[in-house]
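Engineer: Below, each chain spelled out in residue letters.
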Amino acid sequence: MSPIPNPIRPLALLGIDDLLSEEERTIRDTVRRFCDDRIRPQVADWFEAAEIPARDLAKELGSLGLLGMHLEGYGCQGTSATSYGLACMELEAADSGIRSLVSVQGSLAMFAIHRFGSEEQKEQWLPAMAAGEAIGCFGLTEPDFGSNPAGMRTRAVRDGSDWVLDGTKLWITNGSVADVAIVWARADDGIRGFVVPTDSVGFSAPEITRKLSLRASVSSELVLEGVRLPADAMLPEAKGLAGPLSCLNEARFGIVFGAMGAARDCLETAIDYSRSRLVFDKPLAGYQLTQRKLADMAVELGKGMLLALHLGRRKDVGSITPEQVSVGKLNNVREALAIARECRTILAASGVTLEYSVLRHANNLESVLTYEGTSEVHQLVIGQALTGESAFR
Amino acid sequence: MKIVVCVKFAPDSTAPRKFSSDDTVDRVSVDGILSELDENAVEEALKIRESAASDAEVVVLTMGPEQARTAITKTLQMGADAGVHVVDDAIHGSDSIASSRVLAAALERTGFDLAVCGMASTDGGMSVVPAMLAERLGVPQLTMASEVKVDGTAVTIRRDGEVATETVEATMPLVLSVTDAANEPRYPSFKGIMAAKKKPVEELTLGDLGVDAGEVGSAAAWTTVESIEERPARTAGTIVTDDGTGADQLVAFLAERKFV
Ligand SMILES: Cc1cc2nc3c(=O)[nH]c(=O)nc-3n(C[C@H](O)[C@H](O)[C@H](O)COP(=O)(O)OP(=O)(O)OC[C@H]3O[C@@H](n4cnc5c(N)ncnc54)[C@H](O)[C@@H]3O)c2cc1C
Ligand SMILES: Cc1cc2nc3c(=O)[nH]c(=O)nc-3n(C[C@H](O)[C@H](O)[C@H](O)COP(=O)(O)OP(=O)(O)OC[C@H]3O[C@@H](n4cnc5c(N)ncnc54)[C@H](O)[C@@H]3O)c2cc1C
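Chains A and B supply the protein sequences, listed in that same order.
For the first sequence, position 248 (counting from the first letter as 1) is numbered 248 according to our numbering, and the numbering increases by one without interruption.
For the second sequence, position 104 (counting from the first letter as 1) is numbered 104 according to our numbering, and the numbering increases by one without interruption.
Just so you know, the hints here were simulated from the structure itself, not pulled from any lab data.
Among the hints, a few may not be true.
Anything over 12 Å on all C-beta distances counts as not near chain A; from chain B, calculated [what the hints assert, rightly or not]: (1) Asp23; (2) Met194; (3) Val251.
Computed list of lysine-lysine pairs in DSBU-like fashion (alpha-carbon distance at most 35 Å, straight line) [to be verified]: (4) B:Lys18 to A:Lys59; (5) A:Lys122 to B:Lys18; (6) B:Lys47 to B:Lys197; (7) A:Lys239 to B:Lys198; (8) B:Lys198 to B:Lys2; (9) B:Lys47 to A:Lys122; (10) B:Lys198 to A:Lys122; (11) B:Lys18 to A:Lys282; (12) A:Lys122 to B:Lys199.
Here a beta-carbon is modelled for each residue, glycine too, at the ideal position from N, C-alpha and C.
Based on the provided sequences and hints, a complete structural model is requested.
Structural biologist: Laid out in structure tokens, this is it:
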């Protein structure tokens, strides 16, 4: 049998493009072209060196409109949630680290200010953050409290009308390059959020090195030693853990799409490789064992994509629930990681290098599996929704 | 200031070229795009608008089939203000003389201070339309600009030739064409993508422009395509194994084909 001259790409298998509006396709194509031009040629080097030109990158991402793109006003673009998801997908198809930069900026830091901030806080920060002139980070996790942020030790104490913050945050994306940190701390009336300029006295953000995952992304510790802030540094509308958790829900939504971007890139890479790699005198793609792998992966990719779009449509009409986002995050990151690893087997030795994207994606997805709620945490969320029983403790 | 950018809807140059049964380029059943070199024309117009002292408007003009609307949409997403689409069945098969006749009539109708073109279309690629437009409209032409400076109504360009670099200046109204060295076309912004749907696009027929159908189309073309043949499939090349006589073999190969 002669090979089909023009095999279809994995997402075309289910005609996914037909589910998108023209506007959504254009936004997606624009981000894809940006990634092809500006990210893909360099990202393996950034990953290897564990260094990204975060400031320049933020400005470029901002001028395209990617930062806080689904928020309204204050220099933001006001796109649909689905368009935002599709943008995350393209960014993560290039590298999860770049998507992380955008997620943290838009869905965590900017969203927190947009949703819970005062008018002054919005005016001061959002336009600059949308343009990428100012970078934000989001400090929730602490050394001893990851999955259970309710236990946090960082404290905010009143001193006259000022606030004084003390504590340590860990694993904070963008931390060392940020101009502003959204820091969650325990106050007398429960957990509150603070807008902390990173040049505040007593604030420092040493970078975490020696990561084997998300190397094209800055991760930091935030150290707050008696950081004194004026009364209006607190986010007035966020009370209790519901504040930060609603931000996480926003970012998780982007990951539901993003993970499928990484998976798509791996699968396309593996298909292309298998068609040109000759083993035992014929293309690897022509063996049943390979085709079984490719078919199963394309099925999971298609299912995950349909799930992402389903959640996107629900979010755009306002009917999405946190449990549904958990379903998406759990499934899509888990499957993306499985796909990345399986693709790596098809590339074999070539797959362990930075010449191809597959192991870089697989390594990145280990972080994505953990942050924004580990798989186990999402299983517990879904389990609770199904049974009414909380199994967290 | 009114800037009108002439853009062409061309078959995607990365896809295989197809021809219709009448030997014209198939522009209907193929994926068409905004001719890539015309993105530079749009970018230059947007830059001129952005740095203009007074109000400036960028209108995009295309002549082409229904699908050519996508080329206009793309430019509106990049930031152009409005579009004009000349679409008429009689235009099919027009040569550049007829194309320039129609485009000049459209430019006269819209009015312009600056008519901006690309350096060449990515399909026809003759680079003649801008000069023909200037001639028909009786205005100066500043073609093949790799740098453009606008000062009031004075426009100065740099044209990089093979042996010399020329600086040419003219006063508006005029026709300008820019090369791909002139600028780096912007990506459409998301706001632009969303706003594009609401921007006005006017559709005009030959009748609206007062152009007689007999002046355009295949019948009026100065040349006729008699037949088209596909290029024969590539054959395997000659591999020269260097056993010490490699250089001699190469020279012999080239000499035989009169390359050296
Ligand atoms: C690269 C990277 C970037 C990050 N960026 C940020 C950021 O910008 N901001 C931020 O605030 N945080 C960030 N994080 C932190 C991330 O959110 C946490 O790592 C995550 O919440 C898990 O916390 P932990 O690592 O402390 O794991 P732990 O909470 O210690 O979990 C250890 C294991 O126990 C499991 N587990 C936990 N609870 C239960 C339970 N009840 N039942 C069964 N199993 C359980 C977990 O699933 C996991 O497998 C980032 C992390 C990484 C790796
Ligand atoms: C031998 C020959 C036979 C041809 N036969 C046919 C035929 O049968 N049918 C057919 O459809 N075409 C035919 N063409 C192509 C047609 O003549 C040209 O596409 C058209 O005249 C424009 O010329 P160009 O593409 O070379 O543009 P160029 O002169 O290379 O374009 C320069 C610039 O002019 C502007 N411009 C050009 N065309 C347009 C447009 N349509 N709308 C707006 N702006 C424009 C753009 O700014 C462009 O960057 C033929 C061409 C040749 C060489």
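Engineer: Confirm or reject each hint.
Structural biologist: For each hint, the structure was consulted:
no.: 1; hint: Asp23; verdict: 25 Å, holds
no.: 2; hint: Met194; verdict: 6 Å, violated
no.: 3; hint: Val251; verdict: 34 Å, holds
no.: 4; hint: B:Lys18 to A:Lys59; verdict: 42 Å, violated
no.: 5; hint: A:Lys122 to B:Lys18; verdict: 54 Å, violated
no.: 6; hint: B:Lys47 to B:Lys197; verdict: 22 Å, holds
no.: 7; hint: A:Lys239 to B:Lys198; verdict: 41 Å, violated
no.: 8; hint: B:Lys198 to B:Lys2; verdict: 20 Å, holds
no.: 9; hint: B:Lys47 to A:Lys122; verdict: 30 Å, holds
no.: 10; hint: B:Lys198 to A:Lys122; verdict: 29 Å, holds
no.: 11; hint: B:Lys18 to A:Lys282; verdict: 33 Å, holds
no.: 12; hint: A:Lys122 to B:Lys199; verdict: 30 Å, holds
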